[in-house]
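Peer 1: Take a look at the letters that make up each chain.
Number of protein chains: 2
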Amino acid sequence: MSAQGLQEKYAAHSACFGCGPANEKGLRIRSIVQGDEVVADWKSEPHHEAFPGVLNGGIIGALLDCHSNWTAAWALMKQAGADSPPCTVTADYSIKLLRPTPTNGVIHLVAKPVEVGADRAVIEATLMAGGKPCATCRGTFVAVKPGHPAYHRW
Amino acid sequence: MSAQGLQEKYAAHSACFGCGPANEKGLRIRSIVQGDEVVADWKSEPHHEAFPGVLNGGIIGALLDCHSNWTAAWALMKQAGADSPPCTVTADYSIKLLRPTPTNGVIHLVAKPVEVGADRAVIEATLMAGGKPCATCRGTFVAVKPGHPAYHRW
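Line order of the protein sequences matches chains B and H.
Take 0 as the starting number for the first sequence in numbering that gives the first Met the number 0 and just add one per residue.
Take 0 as the starting number for the second sequence in numbering that gives the first Met the number 0 and just add one per residue.
Please note that a few of the clues may not be correct.
Cross-link-like lysine-lysine pairs, in silico, BS3-like; alpha carbons within 27 Å at most [to be verified]: (1) B:K24 with H:K95; (2) B:K77 with B:K111; (3) B:K95 with H:K111.
No lab work stands behind these hints, which were simulated from the structure alone.
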């Protein structure tokens, strides 16, 4: 298990709300490769809640979206045998909320690629908290081409 | 068109990340009934971006999730002929990102109920920016029963 997050390694200057190491007001998730999966541990702040003790569903989506996007970038890099990941963007993501997500402990994210194409990957991810799965995500993430505003943003 | 947001009217003390009037670090959307739809105008701050000039996809989901949840609460209230909305929570939501969402102007949300049952509603919503649809959302929102942690949270 690498101790370094994909974001720190490949996008240290990113200020993305969800995953930019350089965004002091962002969620700053650190997505770490662990075998065939990508994992992250995260702790919420009070203003991320929906109501006291429970994480907001939009923040849940933001965590899973950015974590899955990095899982896709890593999967595409690995498949291509490249030294660095392509810049990927979200095409779509679907969130299912299974139960309230408690905020009094660590939030754990696990993601894995389920389809990897030439320029896109489908990722499935789960958010665990309090020892239980609280939300799932399935999303499609696409490597952008030159000319797209997200090209070379990392 | 009511000038008052549903949140201010029915949940003034809510500190929800997406829609709580009392959350100074939240998105503080104001969902306003306009005929058969519910609309909101919102302006991003720099830390909500994915990269300079473009809104983060997780924030897009958070905006559409909370705005759609209030649209569901309003639709269920209207159908029941009630004086106040039930407390609804998100069961699921799916986001499609159609193009980068520019942050240099107002973000406009439009939502409408497409299925309204006894205790749940399916809502479709669109996020417009720069005169174009940039994202869509379809979600299911459920009125919780006594004993659920979200019951009587508003």
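Peer 1: Look at each hint and say if it fits the structure.
Peer 2: Here is how each hint holds up against the structure:
1. B:K24 with H:K95: 25 Å, holds
2. B:K77 with B:K111: With a Cα-Cα distance of about 13 Å, the restraint between K77 (chain B) and K111 (chain B) holds, given a limit of 27 Å.
3. B:K95 with H:K111: 20 Å, holds
In summary, this structure violates none of the numbered hints.
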